[in-house]
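K.L.:
If you want the building blocks of each chain, they are given just below.
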Amino acid sequence: MTYQKIAPHETFEIHEILTFKNVCATKASAMVRFVKDEELRTLLEEDFTTGQEHIKELQELLRSSQLLERTDELTH
Amino acid sequence: MNYEKKPINAIKKPMSNDYLEIENSDGMPGLVDSTIALNFLLTAKSGIRNCAVALTEIADPEARTEVRKMLNVAIDLHAEISNLMMKKGWFHPYQVSEQFKLDKMSAQAALQIANMQLFPGDTSRLGTFATPNY
Amino acid sequence: MGFIQDMIGMGDMTEQVIATDFLISAKTGVINYAMAISETATPEVRDILRRQLDVAIDTHEKVTSYMMKNGYYHVKDPQEQIRVDNQAAETVLAIPKP
Amino acid sequence: MVKLEKIYKEVYVVQDFALHETMELHELLNFKTVCMTTSKMIQGVVFDQELKALLEKDVQQSMQSVNVLQGLLGKTQPH
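In the order they appear, the protein sequences are chains S, B, Z and W.
Heads up: the first sequence runs through residues 1120 to 1195, numbered per this note's numbering.
Heads up: the second sequence runs through residues 6 to 139, numbered per this note's numbering.
Heads up: the third sequence runs through residues 31 to 128, numbered per this note's numbering.
Heads up: the fourth sequence runs through residues 46 to 124, numbered per this note's numbering.
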């Protein structure tokens, strides 16, 4: 069974995660400027880079949401 | 074996206690199995969440490794159960309206079963177990 | 930016606040991913979320050990943890009303 | 206060784990125990054989998990 389109409830979950990830990445980029400790700096920068990659993947998933099409069919 | 989930005949008529009649038990296997599968799926969900929560609270490396393994096993189990349920037609994540219809039907059937007098009044079964001290 | 400027004035506390915030985010991230995975039905979604969950768990692990190393987080010494918590609380209470 | 903290340390700080870690492991152990029991018992009720096989798989995996958790908890001995 292969579905190209992701289900409505999956869309909501991915939306939640994407929102969270956006905030995290933004915060990391803002915070990293005030960190003097090398190690914490690296951790935050790493998190920022992987975070951006993850955000791209999540965007890709959202683009394949069923909800972008036949909305009328889903409600009833 | 593949069967649709459909209402049990006996509970089409409200409060019928003739559920032991063979003709009334039509649809019973599908209803029983789908309910158990749903319970199983909900348990698998909690399993994933419980492991994740525990993982964020544990610092000991050995315990972390083990709980992480359990988390992966739990995710695989969840995948298997949901695939099985989709295959059997008990779970329709891609057709929400279908899923809602099914949920309503199950709830209705469950309500009627809950209303039945299924067991004898006294279920203590004293004397049938080797527990003389009770 | 006022808030950040105030934080900079707190000296060593800045790093602690940022690290703690990072730890809380990492924790929330792991749980969020687990929640989302427990709702998935599409294999691709599960695969992607699972890979991201692995990264989130690794991040959480790194931040935890960083915090333990730097004395912000004491798993095995509740007395010390309470002391650190109190110190942080006092610093926060000393912040003037904006 | 000092006395209380001393008691806390003596009673609850276990050998290898912190108290809250032990509590999390106990939580998991209870969950697994209940799952294992339920999955075992319910096998007698299901009709579908694939579902039954999956339930048995869960029982086997839970048995492993319970053993592992017991091992981990065995490391923690309150003084």
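To be clear, the hints were calculated from the coordinates, so they are not data collected in a lab.
There may be inaccurate statements among the hints.
Pairs of lysine-lysine, BS3-like flavour, derived with a Cα cap of 27 Å [as the list claims (entries may be wrong)]:
1) W:K120 - B:K109
2) S:K1175 - Z:K99
3) Z:K106 - S:K1175
4) W:K102 - B:K92
5) Z:K99 - W:K97
6) W:K85 - Z:K106
7) Z:K127 - B:K74
8) W:K102 - B:K74
9) Z:K127 - S:K1175
10) B:K92 - W:K97
11) B:K93 - W:K120
12) S:K1175 - B:K109
13) B:K106 - S:K1175
14) B:K109 - B:K50
15) Z:K57 - W:K97
16) B:K50 - W:K102
17) B:K93 - W:K97
18) S:K1124 - B:K106
19) Z:K92 - S:K1124
20) S:K1146 - B:K106
21) Z:K106 - S:K1146
22) S:K1146 - Z:K127
23) B:K92 - W:K120
Simulated DEER-style distance windows between Cβ atoms [said to hold, decoys possible]:
24) W:H65 - S:T1161: 50 to 58 Å
25) W:M108 - B:F134: 23 to 31 Å
26) S:L1187 - B:S129: 29 to 37 Å
27) W:F92 - B:A135: 43 to 51 Å
28) S:H1134 - B:K109: 24 to 32 Å
Please read all numbers here as calculations on a predicted model, not as lab measurements.
Built from N, CA and C at the ideal position, the CB exists for glycine as well.
K.L.:
Each of the hints needs a verdict: does it hold here or not?
P.N.:
Hints, one by one, checked against the model:
1. W:K120 - B:K109: Cα-Cα ~49 Å, so violated.
2. S:K1175 - Z:K99: violated, 33 Å
3. Z:K106 - S:K1175: violated, 39 Å
4. W:K102 - B:K92: holds, 19 Å
5. Z:K99 - W:K97: violated, 48 Å
6. W:K85 - Z:K106: Violated - the C-alpha atoms of K106 of chain Z and K85 of chain W are around 38 Å apart, more than 27 Å.
7. Z:K127 - B:K74: Cα-Cα ~48 Å, so violated.
8. W:K102 - B:K74: OK: K102 of chain W and K74 of chain B at ~16 Å, within 27 Å.
9. Z:K127 - S:K1175: With a Cα-Cα distance of about 40 Å, the restraint between K127 of chain Z and K1175 of chain S is violated, given a limit of 27 Å.
10. B:K92 - W:K97: holds, 15 Å
11. B:K93 - W:K120: Status violated; Cα separation ~44 Å.
12. S:K1175 - B:K109: Violated, at roughly 38 Å.
13. B:K106 - S:K1175: violated, 35 Å
14. B:K109 - B:K50: The hint holds at about 21 Å.
15. Z:K57 - W:K97: The given pair, whose Cα atoms are some 36 Å apart, is violated under the 27 Å limit.
16. B:K50 - W:K102: holds, 16 Å
17. B:K93 - W:K97: holds, 14 Å
18. S:K1124 - B:K106: holds, 22 Å
19. Z:K92 - S:K1124: violated, 35 Å
20. S:K1146 - B:K106: Measuring from Cα to Cα gives roughly 43 Å; hence the hint is violated.
21. Z:K106 - S:K1146: Roughly 30 Å between the alpha carbons, so the hint for K106 of chain Z and K1146 of chain S is violated.
22. S:K1146 - Z:K127: holds, 23 Å
23. B:K92 - W:K120: violated, 44 Å
24. W:H65 - S:T1161: 50 to 58 Å: Distance hint for H65 of chain W, T1161 of chain S is violated at roughly 29 Å.
25. W:M108 - B:F134: 23 to 31 Å: holds, 25 Å
26. S:L1187 - B:S129: 29 to 37 Å: Between L1187 of chain S and S129 of chain B, where Cβ atoms are some 59 Å apart, the hint is violated.
27. W:F92 - B:A135: 43 to 51 Å: violated, 32 Å
28. S:H1134 - B:K109: 24 to 32 Å: Since H1134 of chain S and K109 of chain B have Cβ atoms about 26 Å apart, the given range 24 to 32 Å holds.
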